[in-house]
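Colleague: Read off the chains here:
Protein chains: 2
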Amino acid sequence: MKDYISKDPWKIIENGFHPEFNKITESLCALGNGKMGLRGNFAESYSGETLQGTYFAGIYYPDKTKVGWWKNGYPEFFAKVLNACNWIGLKVFIGEEELDLHKCNILSFQRVLDMRQGTLQRSCTFTTANGHEISLNTERFCSFHDDEMGALKFNINAKNFSGKIKIESYLDFDIVNEDSNYDEKFWNESKISSAEVIYNEATTKKTNFHLGLALKTRVTHGGKQIKRSSIGQKEKYISEIFEFEYTTDTEVNIQKIIAANSSFYYAQTELESRAIEKCATAFDAGFEELKNSHVNAWSKKWDQSDIQIEGDVSAQQGIRFNIFHLNQTYSGKDDRLNIGPKGFTGEKYGGSTYWDTEAYCLPFYLSTADQEVGRNLLVYRFKHLTKAIENAQKLGFENGAALYPMVTIDGEECHNEWEITFEEIHRNGAIAYAIYNYINYTGDEAYLAEFGLEVLIGISRFWTERVNWSEAKQAYVMLGVTGPNEYENNVNNNWYTNYIAKWCLKYTIECIDKVRQSESNDWQKISTKVAFSEDEPNNWNKIIEKLYFPIDEEKGIFLQQDNFLDKEIIKVADLDPKHLPINQNWSWDRILRSCYIKQADVLQGLYFFEDHFDKETIRKNFDFYEPLTVHESSLSPCVHSVLANYLDKKEKAYEMYLRTSRLDIDDYNNDTEDGLHITSMAGTWISIVEGFGGMRVKDNHLHFAPKLPQNWESLSFTINFRSALIHIKIDQKEIYLENTNLCQ
Amino acid sequence: MKDYISKDPWKIIENGFHPEFNKITESLCALGNGKMGLRGNFAESYSGETLQGTYFAGIYYPDKTKVGWWKNGYPEFFAKVLNACNWIGLKVFIGEEELDLHKCNILSFQRVLDMRQGTLQRSCTFTTANGHEISLNTERFCSFHDDEMGALKFNINAKNFSGKIKIESYLDFDIVNEDSNYDEKFWNESKISSAEVIYNEATTKKTNFHLGLALKTRVTHGGKQIKRSSIGQKEKYISEIFEFEYTTDTEVNIQKIIAANSSFYYAQTELESRAIEKCATAFDAGFEELKNSHVNAWSKKWDQSDIQIEGDVSAQQGIRFNIFHLNQTYSGKDDRLNIGPKGFTGEKYGGSTYWDTEAYCLPFYLSTADQEVGRNLLVYRFKHLTKAIENAQKLGFENGAALYPMVTIDGEECHNEWEITFEEIHRNGAIAYAIYNYINYTGDEAYLAEFGLEVLIGISRFWTERVNWSEAKQAYVMLGVTGPNEYENNVNNNWYTNYIAKWCLKYTIECIDKVRQSESNDWQKISTKVAFSEDEPNNWNKIIEKLYFPIDEEKGIFLQQDNFLDKEIIKVADLDPKHLPINQNWSWDRILRSCYIKQADVLQGLYFFEDHFDKETIRKNFDFYEPLTVHESSLSPCVHSVLANYLDKKEKAYEMYLRTSRLDIDDYNNDTEDGLHITSMAGTWISIVEGFGGMRVKDNHLHFAPKLPQNWESLSFTINFRSALIHIKIDQKEIYLENTNLCQ
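Top to bottom, those sequences are chains A and B.
Sequential numbering from 1 applies to the first sequence in the working numbering.
Sequential numbering from 1001 applies to the second sequence in the working numbering.
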């Protein structure tokens, strides 16, 4: 656990430079606007530890699937969002000496992520190896107002130097992905031009995406504009070069304004002219005006989504940090995009979509954004339905059964471990549950006929073929699965998977009836399209009736899987702490055989379907499973925090909340340098709103059952519920609700 | 299935060239002598399909472990026996034209592996692109008399050509392994010299093995010796060059004599002088004398190990082919060597040792070679005991528990799939069983005190830690294993594994008692060395008494694993044949969930421990499991053939025998081009001797219960039993036994 970030309600502040944590700070200080993003790298060259990263949504490369032993059914490729053009880059030469903080003696340093404004600032003073004393002030943003724009301001002042300064402001596509084998590069040069605005366009290998960036740089020296001296050009690289005689102690101000667009959105032929035009217009408006509209956009976003915690600045900073990054990662404008586990903050997991979106992220976007945003997350999966059906076919399923991928960008499965790829099929359940969740929250029943029902039918058909009749049990069983607890593989009758499958079959029947009655024309179209047979619901009902669930009557618990109680049961608290985390200290063999649970599994089901069970059942299961849970997934504590609140276990609820809310700021898992845990951030939001706030939506009504931690004075948040913006404030005594629409 | 090899009792004959099957024929025609071997490649250059392969026992390279997602406990490297110096190589130029059969018009062609002599011959006539009519006769062997020697004879005659002929006779270490990533090479040049005898020595990267080969070439033209013209030299390559004026229709005779030795056996400093001296001496003796001693050595080997089948030439050829390659692969002289699944015939599986050795190969070597040979196979594992204990420690075991690797060359685990590496632990059982099997066969009880007991104790300690007490079952259980049937992964209570574990604990107690009584000094030493505690057998007895076994009372069968009967049970015979083999037609997911069995699992246990069960129990299990078995491992049919004979199922026994005996000759699995299935060849031997011959060793006596297939006139084989060479002949009516020692 690190503790170098200052506590502040609105800011992430690194006071004094911590080069040893630089990659962590770069992750924390990443900026994004849903369409593009970049890590908090320095603009100038830096030879110390850094992961230079710039990412554009939707632009991916299908890399080779890497396996030890190939299994039939493995995916063709592993799609990864590519590290792309570095557009903040500057090379600054003071005389002959290139500016590089790694080689300087730093006198003062502050890096500040201003979450209210969505800007990253840095001020520092230092002496170079040649003894020049320099002060530097810089600020940047990815425009939240216009998600194709970015801007950098870079002010520099040399106290004891006069002479030649050279500034090279560049766009560099000669980039290697961090995990690239043998330093293979995935970009080809496409087009480079250098008029008033310079332009660099590159193409991804294989997928042939075109991404073009236009740049115009303004350099002033003591307020006087410096003319561009020349153009620098190399393969996949272009720069504007400014050279001038510097007068000591005079400020140099550099502004980089860029516009980026790609063939993901526009015809390739348009890219250059569009980007250059947008860049030129924005350049004329200037950095400050661009910034103003950016900050205004953020202000509106905060009005919708902020959470205030009075009396606990650490918790306040934590939750705002999470909300900030969730909003940076996904704007909900485009139903072809989704939420990668690291957002725009790193390369791990390839920027792909997991079941995290449906199981953890959806509630945040439902409550803090327009209905369209949550809807687009669902439509993303609808658009991949054909590929999900093909994916199931590859594994031997028929008749329109759909298995959504575990990991994907464009609908193709990308994961390469059989125990996950083929067996962690509960993801299908989460995708169905998200449809229910969305409609339950928004009341948008029309979604069913338009998109949802086809998905539900595809998934229900999958469960139908995936179960088999057991003569021994005289019941349907689901063999060979991996549940949410990935510390078990290839188990039989995972209770959670069986439960969500059964629920899904029921819900699908219910939805079919609903659409059939209320939108009979639509139903005609759908049933023809999917070649629906009236026998199907009969078959589903048989499975619903006769699906097997492992339980232990004596303990009054659902069993995580068949024979779970054959394991040696020792609580985590009774383990010698030297064994923790077990994923670092134990062989995989030992983990699999142990009773230890990576993240909520049975309890995930009780969280989703709380209303289906009495409190005593939930309590018994919680009391049995939580003590066996090591919470070694970032997605684990939030669900436990909500359940603990529900069960009036206030201490456990707060303990679990602490484990999730400052995970990245405090680098709890020692991996923030790889990027932030974006999807678990939504879990933090859930643990506040559904946990401490006790919010539920039942029968088209909002319900609250708040239970505030003792050290919090108050908790406030805003909820967008069916077009009403409702502000909720909870203190230790009361709850205040305000429908802000009515107040306007 | 291919059918281009002529049926012959002693020979593998390719009549007419089949370039499309050339890699298959190269595998079939591989030669070896336990220390070195090579595929049946052409000596002259060949630009068609070929896998040029030359291998030396014990010379391996630790290549990178390749995995998708790293798991704790995975091995550091993957050891592979390296493709090494090509020593048969010749470049032959007729005028300007290099000889290359791929570019010639072939008039006649015959390639013959003479198994009685252990030689590979080829005669062919062809016209070159330039229209020269050439006849070629060549023969080679790896000396069975002196396993460091090899020789090639290559006679050539050109009908309508006079002019310059150039012959380059080379030693080439510039070799790439077939599975090498990015064509990485694993050999470095070490030493090259060129006196009367030329010498090429190279070193393996990382492991630093030195391998040196000396070569002397004799070329005659019309009986007149041609002087060497020059030496050719490149990196890792040296050659003798002969150039002369050729007179039409005059025979050119080339003889290559090589001697090879390595730092696996000798000091590196000795290698050059030893090899050169051996080569020079052998060269003076000449090809024919070398061949005579080689053929004599084979003749003795055949006296010990031949099987004759009268009335079925196809079966005769099959079994001889298997015996021939088993003898080529492993000579038993060196307890550091073992039996790779492909021997010297290809690169797949890296030349490593599997449990195949103990479970399938040992009986062949016990019966057909000196006692020392089988003993060395056991000592190989004894020498790896320390590494097996370290391997178990890596996985979290303590107290001297030993887990032998699934795949190894030098005792280090090399496999990289968790479901095999960590879970296929029954291999430990086979290693213990081999000790029992060896002592039961040979009566060599002294082996226990010398080597065997320490291994048994290490393995028993492993089982002790690997089981856990199940409160639910009130029994010890063994969770998370993979049985011999690798179409199941991570199952609980695999009956076979539990049974062999229990047997192993019992046998270890028995052996400790035996050694304690008869060799009390040795016992003192052993018990001190392994820090034996008298509590251990008590603990083992508890496990023996309370170990859980899944059974189905109603069906009267042992269950392959917990909940096996939850699967959908459909016999293989009732599957649409389009699904077979399932490992090519089904996703891994579907295979795992199915009831289909790759190779004997419960039945493997009933084969090993036949005496522990009544015939009715064996029959019920056979009748249940065999119909679910797809026999997609080459190791499967043999066990079923033996059991079928035991159960008087003559047709099934013969059907299973046919699946194993000509597997490679007929390329049954479409993979002979990768190399031969050496370890399953020992299974073929078992299915004849233990199956049709019905041989058993019980209470220090040989027993026979022969059941000859109807179309066989007679079956004869020779058994080395406790220093008596016993010849057995079985016909449809009687069995004849002859102790050949007594006849001498």
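The reader is advised that the hints may include incorrect statements.
Think about it this way: if two alpha-carbon atoms lie no more than 30 Å apart in a straight line, the pair counts; the simulated DSBU-like pairs of lysine-lysine are [unchecked claim]: (1) A:K2 x A:K649; (2) B:K1555 x A:K71; (3) A:K394 x B:K1348; (4) A:K473 x B:K1348; (5) A:K333 x A:K301.
Okay, the calculated beta carbon distance ranges per label pair [to be verified]: (6) A:E398 x B:D1303: 34 to 44 Å; (7) B:V1313 x A:K66: 41 to 51 Å; (8) A:Q474 x B:D1623: 17 to 27 Å; (9) B:E1270 x A:K66: 55 to 65 Å; (10) A:N700 x B:T1065: 55 to 65 Å; (11) A:K66 x B:G1222: 57 to 67 Å; (12) B:F1613 x A:N585: 19 to 29 Å; (13) A:N585 x B:K1064: 53 to 63 Å; (14) B:D1623 x A:A446: 33 to 43 Å; (15) B:F1093 x A:K66: 39 to 49 Å.
In silico negatives: residues of chain A with every beta carbon more than 10 Å from chain B [claimed, not checked]: (16) K7; (17) W469; (18) K571.
Think of the hints as simulated: they come from the structure by calculation, not from any bench.
Heads up, the beta-carbon is just placed ideally off N, CA and C, and yes, glycines get one too.
Colleague: Hint by hint, where does the structure go against what was stated? Just the numbers, ascending.
Modeller: When the structure is compared with the hints, numbers 2, 4, 6, 9, 12, 13, 14, 17 turn out to be violated.
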